[in-house]
Structure formats: C-alpha cells, structure tokens
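Participant: Whenever a hint applies, use it, and build me the whole structure from the sequences.
Below are the chains, spelled out letter by letter.
There are 2 protein chains.
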Amino acid sequence: MKIYLDCYPCFLRQALSASRRAGGGEHQQLAVLKKTMTILDRLDTGANPPEIARLVHNAVKQEISSTDPYREAKLESTKQALTLLPDIRQLISNSENPIDTAIRLAIAGNIMDLGVVENFGDLKQTIGRVLVQPFAIDHTHKLKEMISSADHLLYLGDNAGETVFDRALIETIDIPVVYGVRGFPVLNDATRRDAVEAGIDTVATILSNGSDAPGTIVELCSNQFAEVFRKAPVVIAKGQGNYESLSTAGSHVFCLLQVKCPVIAEDIGASVGSIVCRRSAVSSSG
Amino acid sequence: MKIYLDCYPCFLRQALSASRRAGGGEHQQLAVLKKTMTILDRLDTGANPPEIARLVHNAVKQEISSTDPYREAKLESTKQALTLLPDIRQLISNSENPIDTAIRLAIAGNIMDLGVVENFGDLKQTIGRVLVQPFAIDHTHKLKEMISSADHLLYLGDNAGETVFDRALIETIDIPVVYGVRGFPVLNDATRRDAVEAGIDTVATILSNGSDAPGTIVELCSNQFAEVFRKAPVVIAKGQGNYESLSTAGSHVFCLLQVKCPVIAEDIGASVGSIVCRRSAVSSSG
Numbered sequence: 032m033k034i035y036l037d038c039y040p041c042f043l044r045q046a047l048s049a050s051r052r053a054g055g056g057e058h059q060q061l062a063v064l065k066k067t068m069t070i071l072d073r074l075d076t077g078a079n080p081p082e083i084a085r086l087v088h089n090a091v092k093q094e095i096s097s098t099d100p101y102r103e104a105k106l107e108s109t110k111q112a113l114t115l116l117p118d119i120r121q122l123i124s125n126s127e128n129p130i131d132t133a134i135r136l137a138i139a140g141n142i143m144d145l146g147v148v149e150n151f152g153d154l155k156q157t158i159g160r161v162l163v164q165p166f167a168i169d170h171t172h173k174l175k176e177m178i179s180s181a182d183h184l185l186y187l188g189d190n191a192g193e194t195v196f197d198r199a200l201i202e203t204i205d206i207p208v209v210y211g212v213r214g215f216p217v218l219n220d221a222t223r224r225d226a227v228e229a230g231i232d233t234v235a236t237i238l239s240n241g242s243d244a245p246g247t248i249v250e251l252c253s254n255q256f257a258e259v260f261r262k263a264p265v266v267i268a269k270g271q272g273n274y275e276s277l278s279t280a281g282s283h284v285f286c287l288l289q290v291k292c293p294v295i296a297e298d299i300g301a302s303v304g305s306i307v308c309r310r311s312a313v314s315s316s317g
Numbered sequence: 032m033k034i035y036l037d038c039y040p041c042f043l044r045q046a047l048s049a050s051r052r053a054g055g056g057e058h059q060q061l062a063v064l065k066k067t068m069t070i071l072d073r074l075d076t077g078a079n080p081p082e083i084a085r086l087v088h089n090a091v092k093q094e095i096s097s098t099d100p101y102r103e104a105k106l107e108s109t110k111q112a113l114t115l116l117p118d119i120r121q122l123i124s125n126s127e128n129p130i131d132t133a134i135r136l137a138i139a140g141n142i143m144d145l146g147v148v149e150n151f152g153d154l155k156q157t158i159g160r161v162l163v164q165p166f167a168i169d170h171t172h173k174l175k176e177m178i179s180s181a182d183h184l185l186y187l188g189d190n191a192g193e194t195v196f197d198r199a200l201i202e203t204i205d206i207p208v209v210y211g212v213r214g215f216p217v218l219n220d221a222t223r224r225d226a227v228e229a230g231i232d233t234v235a236t237i238l239s240n241g242s243d244a245p246g247t248i249v250e251l252c253s254n255q256f257a258e259v260f261r262k263a264p265v266v267i268a269k270g271q272g273n274y275e276s277l278s279t280a281g282s283h284v285f286c287l288l289q290v291k292c293p294v295i296a297e298d299i300g301a302s303v304g305s306i307v308c309r310r311s312a313v314s315s316s317g
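Chains as they are written, first to last, in my numbering: chain E, 32 to 317; chain C, 32 to 317.
Be aware that a few hints might be false.
No copy is singled out in the list; a pair is fine if it fits within one copy or between any two copies.
[What the hints assert, rightly or not] Pairs of lysine to any residue, SDA-like flavour, derived with a Cα cap of 25 Å: (1) 175 to 107; (2) 33 to 51; (3) 65 to 297; (4) 110 to 147; (5) 175 to 62; (6) 110 to 243; (7) 65 to 147; (8) 92 to 167; (9) 65 to 35; (10) 65 to 236; (11) 33 to 59; (12) 65 to 298; (13) 110 to 310; (14) 291 to 152; (15) 33 to 57; (16) 33 to 177; (17) 33 to 227; (18) 110 to 294; (19) 33 to 56; (20) 291 to 57; (21) 33 to 206; (22) 173 to 227; (23) 33 to 58.
No wet-lab data here; the hints were simulated from the structure.
Facilitator: Right, here's the structure in full:
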C-alpha cells in the first residue's frame with residue numbers, strides 16, 4: 032500500500048509523540064519535526080508507510096539518542112495483557128469454535144497500537160466488542176483451511192502486548208509456528224525481547240526479521256527471514272503496519288487487524304473500527 | 032500565544048483539508064503540503080498560529096486558485112444556524128438572566144469551527160450542553176460590568192454560522208456594536224458577506240479588519256480597524272483564532288470560546304470541551 036497524503040500530518044504527529052517518549056527536549060523535538068518534513072518532502076510517492084516510518088523513527092534515535100523510546104510503554108502493555116491471559120484462554124476453551132474465538136481475540140489485541148493513538152483504552156471493552164462484531168472482510172474460512180493442510184505457519188507479530196493475544200491463538204493452532212518480530216525497536220512493535228516477555232518463546236520459534244520498519248518490507252529483511260517468508264505455506268500478518276507492507280504479498284498471507292485510521296479504511300475498503308481477516312492479493316509490488 | 036510543536040501536524044492536516052475543499056487534485060494537494068512544510072521549516076518560533084495559518088491558506092489559494100474554499104460550507108453553516116435563531120431568541124427572552132444566556136449561546140455557536148474538525152456535529156446538543164456547563168474560566172461578571180458603563184462595543188466574529196449566535200447576543204446588548212470580520216476569506220471565518228448573510232448588518236455596524244489571518248493580528252489589520260480596536264472601551268473576541276492572537280492584548284478584551292484543541296487547552300489552562308469567558312492579560316507582545 033502506497034502512502035496517502037493524509038499520512039503526512041500523521042507522520043509529524045507520530046514523530047512528535049516518539050520524540051517525547053524518547054525524552055527529547057523542545058529543541059530536539061523540533062529537530063525531529065524538521066527532519067521528518069525533509070523526509071516527507073523528498074519522498075518517492077510510491078513509498079509505503081512503514082518504509083517512511085522507519086526513517087522517521089530513525090530520526091528520533093539520531094536526534095535524541097534513545098534506542099527504544101517505547102520500552103516502558105511496551106513493558107506496561109505486555110504486563111497488562113498478561114493479566115488477561117487466563118481469561119483469554121478460558122474464553123477460547125469455553126467456545127464452541129475455539130479457533131474462531133482465538134482469531135477474534137488476536138484481532139482484539141491489535142488495539143494495543145501506540146502508532147495511532149497515545150492510549151488504546153480499555154482492553155476488556157475491546158475484547159467484548161470484537162468477540163461479537165461481524166467481520167468487515169472475512170477470509171477466516173480459507174485461513175483455517177490452509178492451516179489445516181500446512182506443516183507449519185509463519186506468524187508476524189505487531190505490537191507488544193498484542194503478543195499475549197497472539198500467544199493464545201498460537202496455543203490453539205496444532206502446527207509448529209515461527210513468530211516473526213521486528214529486528215530493531217520501532218514504535219511499540221514487538222522485538223524478540225518483547226515477544227519473550229509475553230511468553231511467545233514457550234509456544235513458537237521466535238525469528239527476528241532483521242529490519243527496523245514497523246511492518247514487513249521483505250526486501251529490507253534478513254535473507255534468513257525472507258526465505259522463511261517465501262517458503263511458509265501460510266502467513267498470519269498482524270496489524271496495520273503489516274497490512275501496509277503485505278497487502279499484495281501473495282495469497283498465502285492473511286492480514287488480521289483492526290482498522291484504526293481513515294487511510295487504512297479507504298485502502299482496505301472497511302470503516303474505522305472494523306475487524307478484518309483478509310487474504311492478500313498477488314502482485315510483484317508487495 | 033506562540034505556536035506549539037503540536038500545531039505542526041495540525042497545519043498539515045488543515046492544509047490538506049483546505050486544498051480538498053478548494054477542489055485541488057492530488058498533485059495540487061501535495062504541492063500545498065510541500066509549501067506548508069517549507070513555511071513550517073522557516074518559522075520564527077515566536078510566530079503565533081493565525082500568522083502561520085494565513086500563510087498556509089494563501090498557499091492553498093496560490094496553488095489551487097480558489098478565492099474562498101469554504102464558501103459553500105460557510106453558507107450551509109449560516110443557513111443551519113438561522114433555522115435555530117427563533118429558538119435561540121426564545122431561550123434568551125425566557126431566561127432569568129438574558130445576557131448570561133446570550134453569552135452562553137454565543138459560546139455554544141463557537142463549535143461551528145471547521146479549522147479543528149471536518150464536521151462540528153449536532154448544534155442542538157451543543158446548545159443544551161453549553162447552557163448548563165460550568166465555565167472553566169469565568170470573567171463574565173467583569174465583562175457585563177464593563178458593557179454597562181461603555182458607550183459602544185467592538186465584537187470580533189469568528190466562524191460563519193456562529194455569527195447567528197453572535198447576532199442574538201448583540202440584540203441583547205443595549206449599546207451600539209461594531210462587528211469586526213476578516214478582511215479576506217480564510218478557513219470558514221466570517222467575512223463581511225458571511226456576516227450580512229447572518230443578518231449582522233441589522234444589529235451592528237460591520238467593519239472589515241482588512242486582514243487575511245484567521246484571528247486578529249492588529250499589526251496586520253487596516254489602520255481604520257486598528258484605531259477602532261484601540262479606542263474600543265470593551266472588546267468581545269470570539270473563538271480560538273482570536274484567543275491565539277489576543278490573549279495578551281489588554282484588559283479591555285474578553286475572549287469567548289469553546290476549547291477545541293489540546294494546544295489551546297494547555298495554553299489557556301482548561302481542558303478540551305471547556306467553555307471560557309477570559310479577560311485578556313496586558314502585554315506588548317499581543
């Protein structure tokens with residue numbers, strides 16, 4: 032998915048938010064805003080949002096010298112989600128269709144996105160909503176069919192905390208899972224450390240994608256990750272950043288997300304607040 | 032009030048919104064975004080938001096050649112408010128304290144601001160809320176006292192549509208009123224034409240301020256307006272733009288507004304959603 036003009040103001044907002052989380056003073060915040068404007072000014076219009084976001088968040092690191100501005104927020108999110116894990120597991124085990132419930136809960140967890148808002152609100156409310164909300168795009172039937180005939184699955188995580196909901200879904204899936212994480216800290220996206228804190232290492236093999244983009248730009252990932260991605264019989268890709276980078280990455284990819292911004296809403300064809308399980312299209316442009 | 036860093040993303044958002052209202056294609060919208068980033072990059076940090084906003088909206092006019100992008104929206108707002116005028120008048124005449132009610136209603140009308148959001152929602156709901164909501168800052172007592180001893184009043188309008196609520200307040204005031212309007216179209220701020228459409232000419236003398244800023248930057252106004260402003264025994268200044276430019280313009284100025292953005296909230300010391308009647312401080316910086 033290419034950048035929309037509405038992303039421009041949003042990148043400035045995100046740059047400012049990250050600068051503050053990194054502890055930057057006003058001069059440093061201004062410097063990051065100026066760098067962000069330079070990035071946006073020189074932009075290739077075919078660029079996709081996670082490509083730009085990595086540049087913006089690198090500007091934060093360069094100007095404010097913080098390696099992980101969202102560290103505290105991520106830890107807090109993971110702790111918060113872990114307190115809900117027993118309830119999440121119970122909802123799944125009590126369900127008539129455990130895998131469907133687990134998929135919905137994994138989508139519920141996608142609310143924990145600090146790229147879009149500063150606070151993602153009440154988790155229990157979100158769970159209650161997503162458990163009963165009709166899908167705006169529902170390719171879960173095909174996803175389940177492909178899982179049932181696959182020998183393993185690649186699961187691309189998104190935000191810290193959301194990882195705990197992913198863990199519950201992975202527990203519900205019978206085949207081995209490789210769990211892809213960001214190679215370096217960016218936004219509140221999960222790295223290996225964050226995934227381990229959520230206990231993902233107890234249910235899956237964690238694999239760093241080697242990249243600092245808040246999404247999965249396969250060309251920017253490590254060779255090892257790229258090979259795993261290409262060979263995976265089925266890929267679950269969580270969240271907006273993965274959708275932005277993988278919406279046309281092939282029919283083995285299924286994006287699970289909540290639509291949280293108007294730009295994604297327009298691109299995907301579902302309103303803000305929607306829940307989506309969408310099989311990606313096939314295109315060379317990614 | 033000087034610009035805050037949070038205004039940067041907001042100006043890009045506003046530039047994009049105005050470009051679309053002006054009917055600009057995607058290339059023109061991008062050109063306006065780029066001009067806006069150049070404006071922001073070269074900014075004097077002491078600049079105040081309406082100073083910058085006029086440059087941004089001039090960029091829209093230059094790139095898209097539209098003289099009044101908000102013309103249709105303004106006319107619609109005025110029509111909508113005029114349908115409520117009989118109710119507004121009745122609320123005032125039925126009130127135990129007509130002037131207090133009229134002040135509250137004038138503040139209620141300040142919701143009609145298309146600089147902050149694309150749609151300002153339900154007017155009747157806003158009226159209901161503002162009629163009973165406690166003031167976050169309440170200098171109405173002093174305002175009424177100064178009106179009672181003044182021989183005339185300068186009333187600085189803000190948005191089209193809100194003008195109708197202003198008209199009702201002016202009808203409630205016993206002294207002659209000069210109604211200041213923007214000299215040129217900017218955002219959905221009222222010009223002479225918009226004020227006449229709201230019937231302001233039937234209750235006050237309309238005076239253009241000669242400026243294209245969405246606020247009142249006295250140094251950028253016509254000499255005639257500046258003189259009227261200086262000599263006025265009391266000034267009512269409506270809305271955020273007038274607050275941003277007149278918050279320290281002297282103790283004869285009273286800002287009546289709804290707090291609609293976090294930056295104003297921080298500057299004025301009242302939360303978003305608050306209603307305010309605030310006497311300006313005295314300072315040479317405006």
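Participant: Work down the list of hints and note, for each, if the structure agrees.
Facilitator: Right, here's what the structure says about each hint:
1. 175 to 107: neither (32 Å within a copy, 51 Å between copies)
2. 33 to 51: between (27 Å within a copy, 19 Å between copies)
3. 65 to 297: The answer is between: 23 Å across copies meets 25 Å, while 28 Å in one copy does not.
4. 110 to 147: Within one copy only: 21 Å inside a chain, 36 Å across chains, cut-off 25 Å.
5. 175 to 62: So residue 175 and residue 62 fail the 25 Å test inside a copy (48 Å) and across (46 Å) alike.
6. 110 to 243: Answer is within; shortest intra-copy Cα gap is 24 Å, inter-copy 52 Å.
7. 65 to 147: Result: close both inside a copy and across copies, 21 Å intra and 23 Å inter.
8. 92 to 167: Classified as neither; 37 Å inside a copy, 39 Å across copies.
9. 65 to 35: both (20 Å within a copy, 14 Å between copies)
10. 65 to 236: Neither, since 40 Å and 45 Å both go past 25 Å.
11. 33 to 59: Classified as between; 18 Å across copies, 29 Å inside a copy.
12. 65 to 298: between (28 Å within a copy, 23 Å between copies)
13. 110 to 310: neither (31 Å within a copy, 47 Å between copies)
14. 291 to 152: both (13 Å within a copy, 21 Å between copies)
15. 33 to 57: Intra 31 Å, inter 14 Å, cutoff 25 Å: inter-copy only.
16. 33 to 177: Answer is neither: 28 Å inside a copy and 58 Å across each miss the 25 Å cutoff.
17. 33 to 227: neither (32 Å within a copy, 45 Å between copies)
18. 110 to 294: Classified as neither: same-chain Cα gap 30 Å, cross-chain 32 Å, threshold 25 Å.
19. 33 to 56: So residue 33 and residue 56 pass the 25 Å test across copies only (17 Å; inside, 32 Å).
20. 291 to 57: between (29 Å within a copy, 23 Å between copies)
21. 33 to 206: neither (34 Å within a copy, 59 Å between copies)
22. 173 to 227: This pair counts as neither: shortest intra-copy Cα distance 30 Å, inter-copy 62 Å.
23. 33 to 58: Cα proximity of residue 33 and residue 58: across copies only (15 Å, versus 31 Å in one copy).
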